[in-house]
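Asker: Residues per chain are reported as follows:
2 protein chains.
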Amino acid sequence: MQVFPYSQLYQFTFDVFKAMGCSEKDATTATAVLLSADLRGIDSHGVARLSGYVRLWQAGRINATPDIRIIHETPSTAVIDGDAGLGLVVAPFAMQVAIDKAKQVGTGWVSVQNSNHFGIAGYHALMAVKEDMIGMAMTNASALVAPTFSVEKMLGTNPIAVAIPAGKEPAFVADFATTTAANGKLEILQRKNANAPLGWVQDELGNASTDANILKKKGALLPLGSDREHGSHKGYALGSIVDIFSAVLSGASYGPWAPPFPAYVPMPENMPGKGLGHFFGAMRIDAFRPAEDFKHHMDNWITRFRAAQPAEGCEKVLIPGDPEREMEGIRIHSGIPLVDPVVEDLKNTGSLFDIKGL
Amino acid sequence: MQVFPYSQLYQFTFDVFKAMGCSEKDATTATAVLLSADLRGIDSHGVARLSGYVRLWQAGRINATPDIRIIHETPSTAVIDGDAGLGLVVAPFAMQVAIDKAKQVGTGWVSVQNSNHFGIAGYHALMAVKEDMIGMAMTNASALVAPTFSVEKMLGTNPIAVAIPAGKEPAFVADFATTTAANGKLEILQRKNANAPLGWVQDELGNASTDANILKKKGALLPLGSDREHGSHKGYALGSIVDIFSAVLSGASYGPWAPPFPAYVPMPENMPGKGLGHFFGAMRIDAFRPAEDFKHHMDNWITRFRAAQPAEGCEKVLIPGDPEREMEGIRIHSGIPLVDPVVEDLKNTGSLFDIKGL
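Line by line, the protein sequences are chains G and R.
With our numbering as the guide, the letters of the first sequence map in order to residues -9 to 348.
With our numbering as the guide, the letters of the second sequence map in order to residues -9 to 348.
Hints in this document: simulated from the structure, not taken from any laboratory.
Incorrect hints may have been included.
One copy or two, either will do: identical chains are not told apart, so a pair holds if it fits within one copy or between any two.
[As the list claims (entries may be wrong)] Pairs of lysine-lysine residues, derived as DSSO-like cross-links and limited to a Cα-Cα distance of at most 27 Å, are as follows: (1) Lys206 - Lys306; (2) Lys182 - Lys207; (3) Lys264 - Lys158; (4) Lys306 - Lys207; (5) Lys306 - Lys175; (6) Lys285 - Lys264; (7) Lys8 - Lys208.
Taking the hints into account, I'd like the entire structure generated from these sequences.
Answerer: This is the structure in structure tokens:
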């Protein structure tokens, strides 16, 4: 484990994106989005993925100089073609379109085709909060999740983020995979050679399993709820809604045909659409009630929930976004810890372009 | 257990709403919404609740002749004051406003204050499907659910419904409480004197419990995910988002202050808003891509998911909405079974107004 200042990782990552051929502006955006994951403690979605993006670019699956454009629109909606660009760049572009539409007609809703992984959903949803809007972001992803009653991997971990402004209190920021546990949590267990709790994964026959490596043995992640008796059909429905809004609505590739993140995995045959899909929403608070009224009541909501009586052995009730914001406050000053395999991987990635600095 | 033809329950329920003072039009709407739950097999939300609505009306908490009106709007949004009307009437009014806005600018989003329980969320979401739109409906409800790490009941079962049109295939209709199990499922266990599975409820100290009557002993329902290790913070976030969109955005009463459904439970003190809140959305498919293209791909999505390999011992993968649609196909012809306590309760309700017919 080594700890790096944010500024050092920022410069390194920026240099890699520039070396891939990204414009100054796009490299800046991509770096800010990618590192927001490390700052917020979502280590699986930050610089640990940089080499993955580079390999997709090397494989010709990511276009470093995309012509991102609106291909269909109404006053409150748009569909965007990401031109196979970095999702880290396509997503903020699309979210800005949603925000601009909300300024005009109250809300904006944007579905995106032909994109790639967009980092953490929460970054994009939070863009709306600065504008006194509620922000939403979701994306489909390559299939790792078996629907209820099935053993076949049909859906990605398909995250949903919703960011809601408050007044004196910090924003409410929910950002979660629609599975019981995100894949990143399994990866942490794999590194520790530890078992997964029952309810996270199943084996190739659909039996409960604690094997953190089960996905490599034809197992699957489980939808939020774990099993039918505990509501996995609800997690399956949520993941499906994300898939449909992100990909069927936009013309991206959906379900088991979503393109894989690892560049060594062949692209699915007979893909029904182009690339990964995302979906973004922005709702202007004052399209519903005066922003100051809303924020006053959000402060009251947050204060009341923080004061809810804790269970025995629990310190306090958290508001969605609390842990990530606290982590960001620490890491922006104290630096970002990276495990040795990630540091090694980053150095190898840098050496491809003769970039040092780590 | 007795089985009643749909038409008989329809006439009876219509007569009760008329006797409460509802207009012909409102009684028709309320009856159609309420009985759609019985038809679709969601027995907890159908005529079993009729007496509850009557008691709220007797207690002066439901206004049978509401002046439902838009109090704020933009091209894509509206806030509606339900004037303490039946949610069964207020909700279709609000959903129609969302649909009308979507016709104009692509999408429509409506938050509602000062309403009451609106029946099943799926009915309202499905209104959009007939217009080649995606429909969404959600509502807050009286607090039965403890947030992760808490023993205090702060949220309702706060359901979410999303209905998505397809082509030759029937619509995708997700409609679920944001808890591990809906309260209606506990009520069924109570009648059978049976235990609940671990993960549905907790006791007053926050310990896991199988007692189906635990809510009467200061216990609470658990958010979807059951416990922190299995993602209950995600269910808590979902329930919170429903509460905020439905009530904080509209000016309804939120969180632990949401008004109770049982008329004998006193209203919370210092309510921060008016009545229950709902939130509705309608997105015109062709605001994103041609409706025929979308429906073709939805058919492909549904066909592919139906063909997903079943787990051992499971027959097939279901598409959200399949069980309810199949039940509706059966019950519209074969009638609606009601357990004896519900029949008795309905007869008592009828006798209040000298209505027979059961």
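Asker: Evaluate each hint against the coordinates.
Answerer: Results of checking the hints against the structure:
1. Lys206 - Lys306: between (38 Å within a copy, 24 Å between copies)
2. Lys182 - Lys207: within (18 Å within a copy, 42 Å between copies)
3. Lys264 - Lys158: between (43 Å within a copy, 24 Å between copies)
4. Lys306 - Lys207: between (39 Å within a copy, 22 Å between copies)
5. Lys306 - Lys175: Answer is within; shortest intra-copy Cα gap is 23 Å, inter-copy 29 Å.
6. Lys285 - Lys264: between (40 Å within a copy, 17 Å between copies)
7. Lys8 - Lys208: neither (38 Å within a copy, 59 Å between copies)
In summary, the structure is inconsistent with hint 7 from the numbered list given earlier, while agreeing with all the others.
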